[in-house]
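Colleague: For reference, the chains in residue letters:
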Amino acid sequence: GAVVSQHPSWVICKSGTSVKIECRSLDFQATTMFWYRQFPKQSLMLMATSNEGSKATYEQGVEKDKFLINHASLTLSTLTVTSAHPEDSSFYICSARDQAGHKFGSGTRLTVV
Amino acid sequence: GENVEQHPSTLSVQEGDSAVIKCTYSDSASNYFPWYKQELGKRPQLIIDIRSNVGEKKDQRIAVTLNKTAKHFSLHITETQPEDSAVYFCAANNAGNMLTFGGGTRLMVKP
Numbered sequence: 001g002a003v004v005s006q007h008p009s010w011v012i013c014k015s016g017t018s019v020k021i022e023c024r025s026l027d028f029q030a031t032t033m034f035w036y037r038q039f040p041k042q043s044l045m046l047m048a049t050s051n052e053g054s055k056a057t058y059e060q061g062v063e064k065d066k067f068l069i070n071h072a073s074l075t076l077s078t079l080t081v082t083s084a085h086p087e088d089s090s091f092y093i094c095s096a097r098d099q100a101g102h103k104f105g106s107g108t109r110l111t112v113v
Numbered sequence: 001g002e003n004v005e006q007h008p009s010t011l012s013v014q015e016g017d018s019a020v021i022k023c024t025y026s027d028s029a030s031n032y033f034p035w036y037k038q039e040l041g042k043r044p045q046l047i048i049d050i051r052s053n054v055g056e057k058k059d060q061r062i063a064v065t066l067n068k069t070a071k072h073f074s075l076h077i078t079e080t081q082p083e084d085s086a087v088y089f090c091a092a093n094n095a096g097n098m099l100t101f102g103g104g105t106r107l108m109v110k111p
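Chains as they are written, first to last, in this note's numbering: chain A, 1 to 113; chain B, 1 to 111.
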């Protein structure tokens with residue numbers, strides 16, 4: 001079945017640095033991808049909708065200048081956490097939808113120290 | 001936008017008993033309702049889903065029911081096993097293909 005690949009699986013970075021997370025649809029084209037954030041013991045919260053060839057749509061309360069999204073091709077969306085701070089530490093998961101439903105990446109555990 | 005409420009937040013059952021998790025949604029335009037099982041640090045795994053033109057769906061020990069009028073849908077797990085222990089999320093998919101998740105239910109099945 002359709003697979004969504006996400007890298008890296010985990011990353012530790014220093015405060016003030018930027019981190020890029022990649023989300024790829026391996027065997028299908030995804031004009032739209034979704035980025036979620038999940039804090040410990042909480043649900044997945046939609047951060048933004050990534051649209052191929054156009055600007056991402058951000059949910060209320062999500063800073064677009066801090067969470068940069070680029071969807072330059074039909075199989076790749078990237079999320080860059082800029083000037084990361086400890087409060088950005090979280091589990092970030094992407095998804096894309098094919099005919100069968102939503103497919104999730106394996107997630108990225110970000111720890112900012 | 002869509003709002004999905006999920007109850008209970010934790011559920012403890014004895015092995016072999018049934019478990020029921022309930023969700024409500026607010027957007028009548030939502031048309032697809034998946035249920036996910038998530039283990040710690042892993043991606044959500046789809047376990048069953050239902051579309052708005054169906055009232056009930058069953059897959060072995062798992063069943064889902066949908067009441068469109070009341071905007072309720074429920075997950076039923078029968079003959080629970082210790083390996084069913086995990087966090088379960090309901091979700092609603094609106095016309096824009098966005099998924100809104102419920103708050104999650106931590107299911108614990110005691111041997």
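To be clear, the hints were calculated from the coordinates, so they are not data collected in a lab. Possibly wrong hints are sitting among the right ones.
Listed next, the in silico DSSO-like pairs over lysine-lysine satisfying Cα-Cα at most 27 Å (straight line) [what the hints assert, rightly or not]: (1) A/Lys-41 to A/Lys-20; (2) B/Lys-68 to B/Lys-42; (3) B/Lys-42 to A/Lys-14; (4) B/Lys-42 to A/Lys-20; (5) A/Lys-41 to A/Lys-55; (6) B/Lys-37 to B/Lys-68; (7) A/Lys-55 to B/Lys-37; (8) B/Lys-37 to A/Lys-41; (9) B/Lys-71 to A/Lys-55.
Covered stretches of chain B (chain A as the covering partner; in silico rule of three or more C-beta atoms under 8 Å from a C-beta of chain A) [unchecked claim]: (10) 38 to 46; (11) 94 to 105.
Distance windows between CB atoms, simulated [claimed, not checked]: (12) B/Ser-28 to A/Leu-68: 18 to 24 Å; (13) B/Leu-46 to A/Leu-74: 20 to 26 Å; (14) B/Asp-27 to A/Ser-83: 32 to 38 Å.
Just so it is clear, CB atoms sit at the ideal spot from N, CA and C, and this is done for glycine as well.
Colleague: Work down the list of hints and note, for each, if the structure agrees.
Modeller: Now the hints, each set against the structure:
1. A/Lys-41 to A/Lys-20: Satisfied, since the Cα-Cα distance of roughly 24 Å is no more than 27 Å.
2. B/Lys-68 to B/Lys-42: Since the Cα atoms of B/Lys-68 and B/Lys-42 sit roughly 31 Å apart, the hinted pair is violated (cutoff 27 Å).
3. B/Lys-42 to A/Lys-14: 24 Å, holds
4. B/Lys-42 to A/Lys-20: 20 Å, holds
5. A/Lys-41 to A/Lys-55: Not satisfied, since the Cα-Cα distance of roughly 31 Å exceeds 27 Å.
6. B/Lys-37 to B/Lys-68: Cα-Cα ~23 Å, so holds.
7. A/Lys-55 to B/Lys-37: Cα-Cα ~32 Å, so violated.
8. B/Lys-37 to A/Lys-41: Given that 27 Å is the threshold and the Cα spacing comes to 14 Å, the pair holds.
9. B/Lys-71 to A/Lys-55: 33 Å, violated
10. 38 to 46: That given contact holds, which follows from 5 residues of the stretch 38 to 46 of chain B lying within Cβ reach (below 8 Å) of chain A.
11. 94 to 105: Answer holds; 9 residues pass the 8 Å Cβ test.
12. B/Ser-28 to A/Leu-68: 18 to 24 Å: At 35 Å between Cβs, range violated.
13. B/Leu-46 to A/Leu-74: 20 to 26 Å: Cβ of B/Leu-46 to Cβ of A/Leu-74: about 23 Å, so the range 20 to 26 Å holds.
14. B/Asp-27 to A/Ser-83: 32 to 38 Å: 35 Å, holds
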